[in-house]
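Number of protein chains: 2
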Amino acid sequence: METINIGLLGLGTVGSGVYHLLSRENKVVQERLDAKFQVKKILVRDLKAERFFPVERELLTDNAAEVVDDPDISIVVELIGGTNVAKQLIEQAIAKGKSVVTANKELMANFGGFLLDAARDRGVDLYFEASVAGGIPIIRPLKDNLIGNKFKQIMGIVNGTTNYILSKMATGREFAEVLAEAQQLGYAERDPEADISGSDAGAKIAILASIAFNSRVSAKEVFTEGITRVTAKDIMYAREFGYTIKLIALAKEDKGMLDVRVHPTMIPLTHPLAAVNDVYNGIYVIGDAVGELTFLGRGAGSLPTAAAVVGDIFEAALNIKFQRRGRSGCTCFRSLPVKSIDDVKSNFYMLMEVADQPGVLAKIAQIFGDNQVSVGSVIQKQSSGNVAELVFMTHIVREGNLRRALKDIEDLEVVKTICNVIRVEAAENA
Amino acid sequence: METINIGLLGLGTVGSGVYHLLSRENKVVQERLDAKFQVKKILVRDLKAERFFPVERELLTDNAAEVVDDPDISIVVELIGGTNVAKQLIEQAIAKGKSVVTANKELMANFGGFLLDAARDRGVDLYFEASVAGGIPIIRPLKDNLIGNKFKQIMGIVNGTTNYILSKMATGREFAEVLAEAQQLGYAERDPEADISGSDAGAKIAILASIAFNSRVSAKEVFTEGITRVTAKDIMYAREFGYTIKLIALAKEDKGMLDVRVHPTMIPLTHPLAAVNDVYNGIYVIGDAVGELTFLGRGAGSLPTAAAVVGDIFEAALNIKFQRRGRSGCTCFRSLPVKSIDDVKSNFYMLMEVADQPGVLAKIAQIFGDNQVSVGSVIQKQSSGNVAELVFMTHIVREGNLRRALKDIEDLEVVKTICNVIRVEAAENA
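Heads up: the sequence lines are chains A and B, in that order. Residue numbering for the first sequence is 591 to 1020, as defined by this note's numbering. Residue numbering for the second sequence is 591 to 1020, as defined by this note's numbering.
Same shape as in the complex, but just chain A (with noise of 0.2 Å):
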């Protein structure tokens, strides 16, 4: 039986589970390929590190080289993540004629049409599964299995660490109490600005936004907002009005441009994403064919995210033993501009804290109306002493109006604190 030599790029959380998964036998893959995988080399930062698990120590080296130039490679699995180092090895991967599987959402989600087109060119594959939402098979599905649809929607809950944040913040506790617990647990990192500035949910709806409508759009261009200014309360109000507050990501066309963001935002209960709790990530599309669809399943963790590197891997292989690489490339032919988030339109839900005292409300709602805001339903939930607590929950508006009428209200001096303005998904705007 014919042999397919791997090289590994980097030995940690995913790398190590791809190894262990590439070691282990694999009938139904050598059914189909009639070959079998072999991990050939595996780049470290570190030879002498100690490792949890048994690797004999000639498959290590801590030369690149090693890896991406030996011939007897076909496929280079890089894991190192970051755009630099991963970058310049990918590239080198291809430019020797291999095909290259990645799990580095920063990486495609700030190169992607440069590394598949240089894959395309040289006539190789690079495939990418792995970069959102880890196990969940989204990817493939969106560009083959869905093909025949038009999108409308995709939107996500594509981060672990903020889900888990949120979800226990859902009983009640504080942002900062559950940070620290997750850190911990290992769900959030040491430094966990990443994930709880949305930058990480927006590199991967980046990603798919640019499967989904065919237009390139790379992490930059993507407007995000963190999970730092949501407090349990708003989540126990969200709840009153039928919603949930999840950090969502989400991308949708509108008259030829495309609507790609991540803030948290208030979904309904009865929204499939709505019980996506913990680390569980879920991902929810509308194509104009299939209606809705959701995936749910890990979004991170070493085996989870292994199991979708192999699928790609064993992808590439078939291509390889069936002669028919180099088909992977890039599939955004059209090229939409991304709408200012300024002009994007929602329903928005606010919180603030005013003087407890006639009038207030007619000065706030004069400023609403003066930047054609207009305002669904006003609730007073507390006061205390001389301070009433207001929940207002929007029409559609465009979000430039509200920004220009809330700086205008936070002038006004009967309002204390605007606490917090959250995003609202309503079905209206499905």
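Any given hint could be a false lead.
Which copy is meant is left open, because identical chains are indistinguishable; a pair holds if it fits in one copy or across any two.
Straight-line Cα separation of at most 27 Å, DSS-like style, residue types lysine-lysine; simulated pairs [said to hold, decoys possible]:
1. K971 / K810
2. K733 / K845
3. K638 / K845
4. K617 / K740
5. K953 / K1006
6. K911 / K740
7. K630 / K740
8. K742 / K617
9. K845 / K617
10. K997 / K677
11. K823 / K630
12. K911 / K733
13. K740 / K686
14. K626 / K845
Derived from the structure by calculation, the hints contain no laboratory data. Since we're looking at a predicted model, the values are computed, not measured.
Starting from the known structure of chain A, arrange chain B on it as the hints suggest.
For chain B alone, kept in the frame of chain A given last:
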């Protein structure tokens, strides 16, 4: 640009959806294939039948040979259903060197191995994504994306009709009334037998089990029990225990044997499939690497099913363009026996009406004990006159033992009736 000619067999609900999707411009398909689809011929039963959408008369034929023998047609799409004419025409198309796409679960569940082998031997493709769960991408994800996993189990709500009925019954309404409503709404056939008996779901889980466990399971090997005996009261009691009742199709591998069955099942309210309501379908998979995955969407309907068919047509077309047909062959290289239902182990819920007098429970408990049926809890629900309702929940027991016990219990004079026995998929046997 090259044209890929497609022949349709059938122009019913799904056929007209496929015709619609293939007839509209699809730039993604054109970009990726450098070719476009064209429907060249459509087999219909009645040339003069009224159509509710525009279709050129010269596309229609009532002579199958004009589709399956036409050398210009490279992909034949079978949407007739049934296992007679459909099978014969697919064989003929394969023999003529055409790739075939079908949505025919019955055919694939009974003759899938035979047809896949025929396709492989002839070097053409046979795809059938639409045969299970309509628009939900499941077959290709299982076969390809998830190939790095060993599957532990698959559970599905794969019949929209029965799921609609059970969802409505959860509001307290009874089976017959809801069935009549479903028939009026077009969610149930005039002859609902295949749906409510579980045989439709049986064919689908036979297909999924064959793929996940690489061992051919045919429809007739699947134990099926329909939903006609489920009552609104059962669903109400299930809810009190934290469960809901769904028609679940499931497949597991256990010590070299397969456990494949369809029956009303109590699943925890927290299970990802518990929230799948109305005509929606859901499939829940556990892979040893990826963990839990759930796919939710529309399991039937013209366009959702057609979208899956078009995804397959695209795949077949790619293989034609890149001269790589014939790799979609049967993946059932193992041959695992299917367990007899008597040997299956699970938890059970039972509702009995018994004489409301001392000693009854002792008699029943004695019989359970004699048959190694271990009862987890018993609750007396209500009594009217001299009749009491008893609800039992068992620990995991062998079904054969339970059946033996129930036979003896039925014969007790103090037992008025065993209203229902429903299998429970608890967390402990996941």
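- Have a look at K971 and K810 and pick one of within, between, both or neither, based on CA distance no larger than 27 Å. For K971 and K810, the Cα distance exceeds 27 Å both inside one copy (38 Å) and across copies (61 Å).
Since the copies are identical, ignore which copy is meant and state whether K953 and K1006 lie within 27 Å (CA to CA) inside a copy, between copies, both or neither. within (14 Å within a copy, 71 Å between copies)
*Copy assignment of K617 with K740, given that the CA separation must stay at most 27 Å*: between (37 Å within a copy, 10 Å between copies)
- Message: With identical chains, the pair K740 and K686 could be close in the same copy or across copies; at 27 Å between alpha carbons, which is it: within, between, both, or neither?
- Response: neither (37 Å within a copy, 33 Å between copies)
When Cα atoms must be at most 27 Å apart, do K630 and K740 count as within-copy, between-copy, both, or neither?
between (42 Å within a copy, 23 Å between copies)
Discussion item. Checking an output row: K742 and K617, CA cutoff 27 Å. Within, between, both or neither?
Written reply: between (40 Å within a copy, 16 Å between copies)
Notebook entry, point to check: How would you classify K911 and K740 at a CA-CA limit of 27 Å: within, between, both, or neither?
Noted result: Between copies only: 23 Å across chains, 33 Å inside a chain, cut-off 27 Å.
### Task
Go through the copies and call it for K823 and K630: within, between, both or neither, with a Cα cutoff of 27 Å.
neither (54 Å within a copy, 61 Å between copies)
* Intra/inter-copy verdict for K997 and K677 if alpha-carbon distance must be at most 27 Å -> neither (43 Å within a copy, 69 Å between copies)
task = Measure nothing new, just compare the shortest in-copy and cross-copy C-alpha distances for K845 and K617 to 27 Å and report within, between, both or neither.
result = Between. Shortest inter-copy distance 17 Å satisfies the 27 Å Cα cut-off; intra-copy 49 Å does not.
Within, between, both or neither: how does the pair K733, K845 come out at a Cα-Cα threshold of 27 Å? Intra 22 Å, inter 37 Å, cutoff 27 Å: intra-copy only.
Q) From the Cα coordinates, with 27 Å as the cut-off, is the pair K911 and K733 best called within, between, both, or neither? A) both (22 Å within a copy, 17 Å between copies)
Violated hints, in rising order: 1, 3, 10, 11 and 13; the structure is consistent with all others.
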